[in-house]
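Visitor: As you go down the protein sequences, you meet chains A and B in turn.
For the first sequence, this note's numbering begins at 1 and goes up steadily by one.
For the second sequence, this note's numbering begins at 1 and goes up steadily by one.
Keep in mind that the hints were calculated from the coordinates and are not lab data.
Remember, it's a predicted structure, so these values are computed and weren't measured experimentally.
Heads up, a few of these hints could be off.
Stated by the list, open to error - Straight-line C-alpha distance at most 27 Å; calculated DSS-like pairs for lysine-lysine:
no., chain 1, residue 1, chain 2, residue 2
1, A, K112, A, K70
2, A, K112, B, K398
3, A, K117, B, K136
4, B, K18, A, K98
5, B, K116, B, K155
6, A, K112, B, K152
7, B, K6, A, K112
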Amino acid sequence: MIHLKQLHKSYVTGNNRLHVLKGIDLTIERGELVSVMGSSGSGKSTLLNIIGILDAYDTGNYYLDDTLIKNLNERKAAYYRNQMIGFVFQSFNLISFKNAMENVALPLYYQKVGRKKRNKIALEYLERMGMLEWAMHTPGELSGGQKQRIAIARAMISRPKIILADEPTGALDSKTSFEVMEIMQEVNREGITVIIVTHEHDIAERTGRIIHLQDGIIDKELKPVELQRYA
Amino acid sequence: MLDGDKWQEILSTISKNKLRTFLTAFSVAWGIFMLVILLGSGTGLQNGINREFSGEATNAIWIWGGQTSKPYKGMKPGRHIRLKDADYSETKSNIDGVEYISGRYYIGGNSQVSYKNEYGSFNVNSAHPDFMHIEKIEMVRGRYINVIDIKKWRKVAIISEMVQESLFKDEDPMGKYLKLNGIPFKVVGIYTDLDIRNRGLRTIYIPITSAQAVFNGRGRIHNFVVTTGDASVAESKVIEDNIIKSIARRHTFDPEDDRAIGHWNASENYQQFQNLFAGIRIFIWMIGVGTLIAGVVGVSNIMMIVVTERTKEIGIRKAIGATPGSVLNLIILESVLIIAVSGYTGMVMGIGLLELLSPVFENIPFIYQPEIDVKVAVAATVILVLCGVIAGYMPSRKAARIKPVIALRDE
Numbered sequence: 001m002i003h004l005k006q007l008h009k010s011y012v013t014g015n016n017r018l019h020v021l022k023g024i025d026l027t028i029e030r031g032e033l034v035s036v037m038g039s040s041g042s043g044k045s046t047l048l049n050i051i052g053i054l055d056a057y058d059t060g061n062y063y064l065d066d067t068l069i070k071n072l073n074e075r076k077a078a079y080y081r082n083q084m085i086g087f088v089f090q091s092f093n094l095i096s097f098k099n100a101m102e103n104v105a106l107p108l109y110y111q112k113v114g115r116k117k118r119n120k121i122a123l124e125y126l127e128r129m130g131m132l133e134w135a136m137h138t139p140g141e142l143s144g145g146q147k148q149r150i151a152i153a154r155a156m157i158s159r160p161k162i163i164l165a166d167e168p169t170g171a172l173d174s175k176t177s178f179e180v181m182e183i184m185q186e187v188n189r190e191g192i193t194v195i196i197v198t199h200e201h202d203i204a205e206r207t208g209r210i211i212h213l214q215d216g217i218i219d220k221e222l223k224p225v226e227l228q229r230y231a
Numbered sequence: 001m002l003d004g005d006k007w008q009e010i011l012s013t014i015s016k017n018k019l020r021t022f023l024t025a026f027s028v029a030w031g032i033f034m035l036v037i038l039l040g041s042g043t044g045l046q047n048g049i050n051r052e053f054s055g056e057a058t059n060a061i062w063i064w065g066g067q068t069s070k071p072y073k074g075m076k077p078g079r080h081i082r083l084k085d086a087d088y089s090e091t092k093s094n095i096d097g098v099e100y101i102s103g104r105y106y107i108g109g110n111s112q113v114s115y116k117n118e119y120g121s122f123n124v125n126s127a128h129p130d131f132m133h134i135e136k137i138e139m140v141r142g143r144y145i146n147v148i149d150i151k152k153w154r155k156v157a158i159i160s161e162m163v164q165e166s167l168f169k170d171e172d173p174m175g176k177y178l179k180l181n182g183i184p185f186k187v188v189g190i191y192t193d194l195d196i197r198n199r200g201l202r203t204i205y206i207p208i209t210s211a212q213a214v215f216n217g218r219g220r221i222h223n224f225v226v227t228t229g230d231a232s233v234a235e236s237k238v239i240e241d242n243i244i245k246s247i248a249r250r251h252t253f254d255p256e257d258d259r260a261i262g263h264w265n266a267s268e269n270y271q272q273f274q275n276l277f278a279g280i281r282i283f284i285w286m287i288g289v290g291t292l293i294a295g296v297v298g299v300s301n302i303m304m305i306v307v308t309e310r311t312k313e314i315g316i317r318k319a320i321g322a323t324p325g326s327v328l329n330l331i332i333l334e335s336v337l338i339i340a341v342s343g344y345t346g347m348v349m350g351i352g353l354l355e356l357l358s359p360v361f362e363n364i365p366f367i368y369q370p371e372i373d374v375k376v377a378v379a380a381t382v383i384l385v386l387c388g389v390i391a392g393y394m395p396s397r398k399a400a401r402i403k404p405v406i407a408l409r410d411e
């Protein structure tokens with residue numbers, strides 16, 4: 001599903017050149033639930049942005065579902081994001097003046113699905129998240145856990161191949177984090193590849209594979225059972 | 001680009017940010033409102049002046065006698081120049097470009113006019129047949145002065161509807177005799193004057209030759225007036241010069257002597273007013289366009305802030321599949337919608353106010369029917385949409401360039 005080969009990425013700010021990813025080789029199979037760990041500055045967010053086609057890389061190759069993702073123009077990148085990838089963020093990133101249903105339906109708007117139809121589909125996804133009764137509420141009226149459920153519904157509505165979650169539980173208490181992880185696992189059981197960036201061990205423990213980044217390279221890959229020993 | 005969903009999207013964005021949108025829209029509406037009021041007032045002023053001129057030919061040249069101020073051919077200055085019949089007839093037959101011409105002989109002050117036991121004090125004016133065209137006199141019944149009247153010194157009178165009402169009451173005046181300073185004149189015509197101020201309606205017209213004969217002025221005229229057809233101002237000035245030169249020859253005075261002959265060229269005067277209007281119009285457009293530009297810059301500025309404010313939102317949209325083109329469209333269309341709707345509202349309010357005030361100005365001189373024409377209104381609408389695109393362009397470029405990854409960076 002995801003295939004990275006000798007991926008390099010550096011940021012240039014003024015005269016400084018910051019080499020963030022220093023040759024990443026990584027393969028993630030269809031239907032995997034993977035977590036990415038690492039201290040801050042290890043490049044895990046950059047890696048996620050590149051996998052999510054939000055950012056470009058310098059050298060190497062990135063194949064997503066056998067498609068080479070390289071030097072795309074913005075239009076093309078937007079198309080692939082819309083078709084293949086769902087995002088879940090730490091700060092939810094819902095549009096504040098749209099209600100839950102409209103937020104969930106937004107990816108379908110960019111697929112040119114009619115308003116009635118996409119709202120109907122949005123309600124179905126909200127129902128699956130147990131959020132149907134909150135469909136007409138704006139994000140400001142909802143709790144963190146509820147917002148994240150809506151964000152997950154939005155990520156799923158376009159039936160993506162992969163869902164990328166950047167610290168999805170970072171802003172939630174442990175009980176809600178647990179619930180959100182249950183949902184992520186359930187999404188994964190439907191066959192969607194899920195990649196979660198996190199620094200919490202008990203979140204990473206619940207994934208099938210843990211990829212650990214250190215200074216821009218993958219220094220270890222662990223199974224959940226190994227995590228405790230490692231920690 | 002114009003599908004319903006896009007508008008739905010824009011409308012919901014606008015309706016969620018009502019105050020911001022209102023403040024933006026207000027500046028544009030105000031700009032257009034002021035432009036309409038200014039243009040309307042300008043047109044009103046022009047219509048008013050044109051109305052003032054409407055009673056008279058705007059291509060008339062008036063000539064009257066004066067007093068010499070320069071010595072000429074051995075004669076001292078200070079001679080009175082008195083116009084004669086010859087000045088009229090020479091001008092009529094020998095000066096090129098003269099369309100209509102009429103001499104005038106004044107009886108002096110208001111005259112006592114009576115019919116049976118009714119008395120009134122009216123202005124008695126003597127003229128040639130052409131005077132009808134010069135003063136834009138419209139006959140209601142009967143006829144104006146004709147050539148035979150002039151030739152035979154017939155004692156006929158052409159009265160106005162006002163004179164008819166005050167002297168004849170319900171009686172039919174045609175063919176009746178009224179007395180001017182005690183001398184009977186036969187009524188042969190009733191006229192009305194297109195001059196809105198009705199100043200002409202106190203006047204009774206009689207043939208100039210009859211006036212000269214009856215009121216002791218044989219061969220003498222006080223002034224004469226010619227019209228110059230569709231001559232330009234420059235051509236009209238040439239005609240005026242030629243007339244003065246020919247009079248100077250007959251009366252032996254220096255043609256360069258300004259005081260010897262009085263003259264007034266209406267077309268020159270009219271042209272000055274027209275130039276003044278052109279100036280006023282340019283001035284108004286400058287102010288109006290300036291106001292509009294201020295409005296557009298305001299909208300552009302606010303859209304810029306809006307884009308900055310919405311950086312995160314736009315980033316989210318891009319992350320979930322919005323193309324740069326769709327973001328560009330979104331911002332430009334929002335700007336066009338705000339400017340077009342608010343501009344149109346301002347225009348309608350401006351036109352409404354002008355319509356409301358129009359009757360108020362009905363009786364005030366120099367302002368009449370303030371309005372703006374349909375062409376200007378249509379042009380304004382097109383300009384408004386264009387302004388919206390211009391105002392939205394820079395901010396939308398900025399929005400389209402937002403990188404989703406930057407927008408999504410957590411705080």
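Visitor: Go through the numbered hints given earlier and state which of them the structure violates, listing their numbers in rising order.
Guide: Hint check: 3 and 6 fail, others pass.
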